[in-house]
Amino acid sequence: MSQEINSTNQNPAGDLLVVENLTTTFQTARGALPAVGGVSFRLGANEILGVVGESGSGKTVLSRTIMGLQPRTNVEVGGSVLLDGHQIVGATDEDLRDIWGTKVAMIFQDPMTSLNPVTKIGKQIGESLQVRLGMNKAEAKARVIELLTLVGIPSPEERYDAYPTQLSGGMRQRVMIAIALACNPTLLLADEPTTGLDVTIQAQILNLLDELQLKMKMSVILVTHDLGVVATRTDRIIVMYAGRIVEMGTTKEVFRNHKMPYTRALLESTPRVSNPSHTRLQTIPGRPPNLLKLTEGCAFAPRCSRATEKCSQERPTLEPTGVDGHYFACWNPLEDQAAPVSIQTGTIKEIGEDNVRG
Amino acid sequence: MLKYFTKRLVALVLIITAISIGSFYMIHLLPGDLATVILGSGNTPENKKKLFAQLGLDKGLVHQYLTWMSHVLRGDLGKSYITNESINTSIAKALPIDLEMIVVSQIVAFAAAIPLAMKAAKKPNGLFDRISNGVTFGLLSVPSFIIVVYLVLIIAIKWQVPGTGPASFTRFPEWSWLFSDTGTFFTTLKDNLMSLLIPSLTLSIGSFVVYFRVLRSDLIATLQEEYITMARSKGLSRRRIMWRHAFRPSSVALLGTAGINIGGLIAGGFVVQYLLSIPGLGSLLIASITLQDYLVIQSTVFVVAVAVIVINFAVDFITTLVDPRIARD
Ligand SMILES: Nc1ncnc2c1ncn2[C@@H]1O[C@H](COP(=O)(O)OP(=O)(O)O)[C@@H](O)[C@H]1O
Ligand code: SF4
Ligand SMILES: [Mg+2]
Numbered sequence: 065m066s067q068e069i070n071s072t073n074q075n076p077a078g079d080l081l082v083v084e085n086l087t088t089t090f091q092t093a094r095g096a097l098p099a100v101g102g103v104s105f106r107l108g109a110n111e112i113l114g115v116v117g118e119s120g121s122g123k124t125v126l127s128r129t130i131m132g133l134q135p136r137t138n139v140e141v142g143g144s145v146l147l148d149g150h151q152i153v154g155a156t157d158e159d160l161r162d163i164w165g166t167k168v169a170m171i172f173q174d175p176m177t178s179l180n181p182v183t184k185i186g187k188q189i190g191e192s193l194q195v196r197l198g199m200n201k202a203e204a205k206a207r208v209i210e211l212l213t214l215v216g217i218p219s220p221e222e223r224y225d226a227y228p229t230q231l232s233g234g235m236r237q238r239v240m241i242a243i244a245l246a247c248n249p250t251l252l253l254a255d256e257p258t259t260g261l262d263v264t265i266q267a268q269i270l271n272l273l274d275e276l277q278l279k280m281k282m283s284v285i286l287v288t289h290d291l292g293v294v295a296t297r298t299d300r301i302i303v304m305y306a307g308r309i310v311e312m313g314t315t316k317e318v319f320r321n322h323k324m325p326y327t328r329a330l331l332e333s334t335p336r337v338s339n340p341s342h343t344r345l346q347t348i349p350g351r352p353p354n355l356l357k358l359t360e361g362c363a364f365a366p367r368c369s370r371a372t373e374k375c376s377q378e379r380p381t382l383e384p385t386g387v388d389g390h391y392f393a394c395w396n397p398l399e400d401q402a403a404p405v406s407i408q409t410g411t412i413k414e415i416g417e418d419n420v421r422g
Numbered sequence: 323m324l325k326y327f328t329k330r331l332v333a334l335v336l337i338i339t340a341i342s343i344g345s346f347y348m349i350h351l352l353p354g355d356l357a358t359v360i361l362g363s364g365n366t367p368e369n370k371k372k373l374f375a376q377l378g379l380d381k382g383l384v385h386q387y388l389t390w391m392s393h394v395l396r397g398d399l400g401k402s403y404i405t406n407e408s409i410n411t412s413i414a415k416a417l418p419i420d421l422e423m424i425v426v427s428q429i430v431a432f433a434a435a436i437p438l439a440m441k442a443a444k445k446p447n448g449l450f451d452r453i454s455n456g457v458t459f460g461l462l463s464v465p466s467f468i469i470v471v472y473l474v475l476i477i478a479i480k481w482q483v484p485g486t487g488p489a490s491f492t493r494f495p496e497w498s499w500l501f502s503d504t505g506t507f508f509t510t511l512k513d514n515l516m517s518l519l520i521p522s523l524t525l526s527i528g529s530f531v532v533y534f535r536v537l538r539s540d541l542i543a544t545l546q547e548e549y550i551t552m553a554r555s556k557g558l559s560r561r562r563i564m565w566r567h568a569f570r571p572s573s574v575a576l577l578g579t580a581g582i583n584i585g586g587l588i589a590g591g592f593v594v595q596y597l598l599s600i601p602g603l604g605s606l607l608i609a610s611i612t613l614q615d616y617l618v619i620q621s622t623v624f625v626v627a628v629a630v631i632v633i634n635f636a637v638d639f640i641t642t643l644v645d646p647r648i649a650r651d
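Chains A and B supply the protein sequences, listed in that same order.
In my numbering, each number is its position in the first sequence, counted from 1, plus 64.
In my numbering, each number is its position in the second sequence, counted from 1, plus 322.
In short, the hints are calculated from the structure, not lab data.
Treat the hints with care, since some could be wrong.
Said to hold, decoys possible - Calculated lysine-lysine pairs in the DSS-like style (CA-CA distance at most 30 Å, straight line):
#1 B/K444 x A/K184
#2 A/K184 x B/K445
#3 A/K187 x B/K444
#4 A/K357 x A/K374
#5 B/K441 x A/K184
#6 A/K187 x B/K441
#7 A/K187 x A/K201
#8 A/K201 x A/K281
#9 A/K281 x A/K374
#10 A/K187 x A/K205
#11 B/K415 x B/K512
#12 A/K205 x A/K279
#13 A/K201 x A/K167
#14 B/K370 x B/K401
#15 A/K167 x A/K205
#16 B/K401 x B/K372
#17 A/K205 x A/K281
#18 A/K205 x A/K184
#19 A/K167 x A/K184
#20 A/K167 x B/K445
#21 A/K281 x A/K167
#22 B/K445 x A/K187
#23 B/K325 x A/K184
#24 A/K167 x A/K279
#25 B/K325 x A/K187
#26 B/K512 x B/K480
#27 A/K184 x B/K329
#28 A/K167 x B/K444
#29 A/K281 x A/K187
#30 A/K201 x A/K184
As the list claims (entries may be wrong) - Just the calculated beta-carbon pair ranges, DEER-fashion:
#31 A/Q151 x B/V457: 40 to 48 Å
#32 A/Q151 x B/F450: 26 to 34 Å
#33 A/L146 x B/L449: 34 to 42 Å
#34 A/E140 x B/S559: 19 to 27 Å
#35 B/F450 x A/E373: 51 to 59 Å
#36 B/S559 x A/S369: 48 to 56 Å
#37 A/K281 x B/K329: 16 to 24 Å
#38 A/T92 x B/E548: 13 to 21 Å
Every residue, glycine too, gets a C-beta built ideally from N, C-alpha and C.
With these hints in hand, go ahead and build the complete structure from the sequences.
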């Protein structure tokens with residue numbers, strides 16, 4: 065089984081990130097748990113990549129492993145992650161400290177638990193500036209005020225002395241973004257940056273990220289379980305299931321011509337404007353597989369309406385469709401779509417075909 | 323924040339008032355007759371009446387209490403009925419010994435517990451963690467009067483460390499280095515610390531065990547927090563993450579434990595003082611109980627209780643500095 069991908073290079077200047085056959089396995093009391101089961105992809109400079117999949121599909125573990133930020137114990141990482149020439153796999157915290165924050169930074173999923181509750185937010189943002197960039201106190205404070213303004217926090221001088229519990233969820237997420245951007249990272253990993261925020265705030269935060277990506281010339285990996293979030297904002301999309309990539313391609317191709325039934329199911333479980341309001345969303349029947357008991361076959365088979373006998377015996381490999389670096393892993397791929405699926409995005413506006421990025 | 327402290331301060335005053343009533347009334351529950359104690363064979367009803375009038379004991383309880391409190395508030399604890407010595411003087415002589423024992427023992431306990439708990443929490447279930455966890459668990463059940471005996475046997479008798487033997491305890495306290503310029507500073511400070519070695523070490527072991535265990539388990543939990551991973555992702559050193567991001571939130575539990583521990587520490591100090599004949603508050607209290615020296619018992623209990631309350635108040639204050647969430651309502 066080969067997941068070697070060579071033709072997805074979108075950037076003639078060379079890839080910022082090259083991930084090859086990456087595996088992350090947790091040693092648990094009930095056996096080895098392959099949270100990431102052999103993932104390969106590339107990311108160019110200034111590119112925005114969406115990673116989508118249901119909760120539990122390994123998105124968080126994947127993004128943390130890419131950064132080398134997996135737990136320090138009971139975990140085994142295999143394969144290779146080359147970030148701007150730095151090999152992440154096998155490196156120690158001490159090695160990675162030089163690139164954490166400056167080359168690659170992360171926005172964490174839950175702004176409630178990811179900020180230190182006993183430290184003022186100004187200090188939490190300024191800490192990297194002092195420790196990593198060697199600024200003195202006054203310089204750091206001035207820069208923190210700039211950053212707070214940049215991420216749209218009103219009256220930043222006052223907010224500098226606030227503790228996380230004194231801020232709303234949206235404000236805390238903005239603080240998280242300010243922390244991540246403090247040292248001008250080349251690659252920003254945003255792990256569900258808007259999950260748990262209400263819809264208007266979600267749109268604001270996502271728009272802010274878009275804006276900052278352009279301003280600061282970063283590559284972004286935007287992780288989400290919500291296809292609506294990635295539709296208008298990403299160049300390419302990776303669809304994950306049970307720790308593996310099951311479909312990958314430009315945003316346009318994945319929305320229009322997805323081949324994998326799971327991608328279709330994900331799209332159908334995303335809110336659509338064309339449906340009358342209060343229409344029940346279709347949820348994907350069944351539950352995600354138990355990673356401790358993965359079979360030889362396609363992990364989606366128990367939930368798949370197109371499954372055949374072959375599906376439960378042999379795992380499909382990622383195959384190219386021949387269009388724009390579009391890959392899928394399925395024995396019985398979907399036919400070309402008659403009509404593109406339009407879905408509701410975070411900004412609550414119908415997206416026409418032309419609005420899909422890519 | 324201000325509102326919180328006003329509330330706490332009012333509570334402090336109320337608690338101290340309650341304690342003063344408690345320690346005043348407690349004496350009246352004790353068996354024994356004051357007149358017999360003071361007058362001995364001369365305890366005739368006539369003499370007794372005279373004595374009580376002299377001491378103000380013929381007045382009602384409320385009157386007696388208010389008289390006592392009015393003196394206490396002016397800083398006058400009165401005189402012993404028996405030795406006629408000023409209680410202020412007795413306590414002023416004894417209290418520094420307790421304070422020094424406690425302060426030194428707490429410095430030792432924290433200085434040992436914090437780095438060792440950090441080392442253990444770095445690798446939960448690692449070799450160091452398992453050994454230290456086992457040893458401290460065992461020590462948890464050893465009372466201070468056993469520890470003190472072993473320390474005397476080892477330090478003073480087996481190793482013959484100079485200045486630590488039984489003779490030194492009666493020389494207690496060597497305060498001259500603080501108050502006068504007779505004698506050279508260092509010899510007396512050294513004498514002071516040497517005679518303090520065994521009693522303070524005894525107290526510190528009990529505190530160390532508790533602090534180590536509380537901090538270790540709290541650190542292990544804190545190090546699992548998402549904000550620790552966040553701190554790692556900023557590229558901070560392990561040392562900085564441990565001190566700035568893990569220890570600060572964890573120290574809230576540690577401080578709370580230390581506050582609760584103070585009462586037990588004073589009691590433990592009394593036991594050690596009794597065993598080693600150290601003339602601290604514990605010895606004063608035991609002696610006054612033996613003599614049925616009511617006013618001294620009452621005053622000592624009151625002073626100790628107030629000290630415990632004030633220390634706890636201070637600990638609360640420090641805790642709110644560490645974790646501002648506590649003071650917010
Ligand atoms: N530290 C860990 N130890 C054991 N299993 C873990 C750990 N972290 C994540 N997992 C498992 O890895 C799988 C993927 O989790 P995650 O990456 O958080 O999913 P997602 O972010 O897509 O919701 C889940 O089954 C989860 O239980
Ligand atoms: S390989 Fe089979 S089971 Fe898996 S998605 Fe395709 S059709 Fe469904
Ligand atoms: Mg996640």
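We went through each hint and held it up to the structure:
no. : hint                        : verdict
1   : B/K444 x A/K184             : 25 Å, holds
2   : A/K184 x B/K445             : 29 Å, holds
3   : A/K187 x B/K444             : 25 Å, holds
4   : A/K357 x A/K374             : 19 Å, holds
5   : B/K441 x A/K184             : 27 Å, holds
6   : A/K187 x B/K441             : 26 Å, holds
7   : A/K187 x A/K201             : 10 Å, holds
8   : A/K201 x A/K281             : 27 Å, holds
9   : A/K281 x A/K374             : 45 Å, violated
10  : A/K187 x A/K205             : 8 Å, holds
11  : B/K415 x B/K512             : 20 Å, holds
12  : A/K205 x A/K279             : 22 Å, holds
13  : A/K201 x A/K167             : 23 Å, holds
14  : B/K370 x B/K401             : 19 Å, holds
15  : A/K167 x A/K205             : 22 Å, holds
16  : B/K401 x B/K372             : 18 Å, holds
17  : A/K205 x A/K281             : 24 Å, holds
18  : A/K205 x A/K184             : 12 Å, holds
19  : A/K167 x A/K184             : 25 Å, holds
20  : A/K167 x B/K445             : 29 Å, holds
21  : A/K281 x A/K167             : 12 Å, holds
22  : B/K445 x A/K187             : 28 Å, holds
23  : B/K325 x A/K184             : 21 Å, holds
24  : A/K167 x A/K279             : 16 Å, holds
25  : B/K325 x A/K187             : 26 Å, holds
26  : B/K512 x B/K480             : 21 Å, holds
27  : A/K184 x B/K329             : 25 Å, holds
28  : A/K167 x B/K444             : 27 Å, holds
29  : A/K281 x A/K187             : 26 Å, holds
30  : A/K201 x A/K184             : 14 Å, holds
31  : A/Q151 x B/V457: 40 to 48 Å : 42 Å, holds
32  : A/Q151 x B/F450: 26 to 34 Å : 31 Å, holds
33  : A/L146 x B/L449: 34 to 42 Å : 36 Å, holds
34  : A/E140 x B/S559: 19 to 27 Å : 25 Å, holds
35  : B/F450 x A/E373: 51 to 59 Å : 55 Å, holds
36  : B/S559 x A/S369: 48 to 56 Å : 53 Å, holds
37  : A/K281 x B/K329: 16 to 24 Å : 53 Å, violated
38  : A/T92 x B/E548: 13 to 21 Å  : 19 Å, holds
In terms of the numbered hints stated before, the structure departs from hints 9, 37, listed from lowest to highest.
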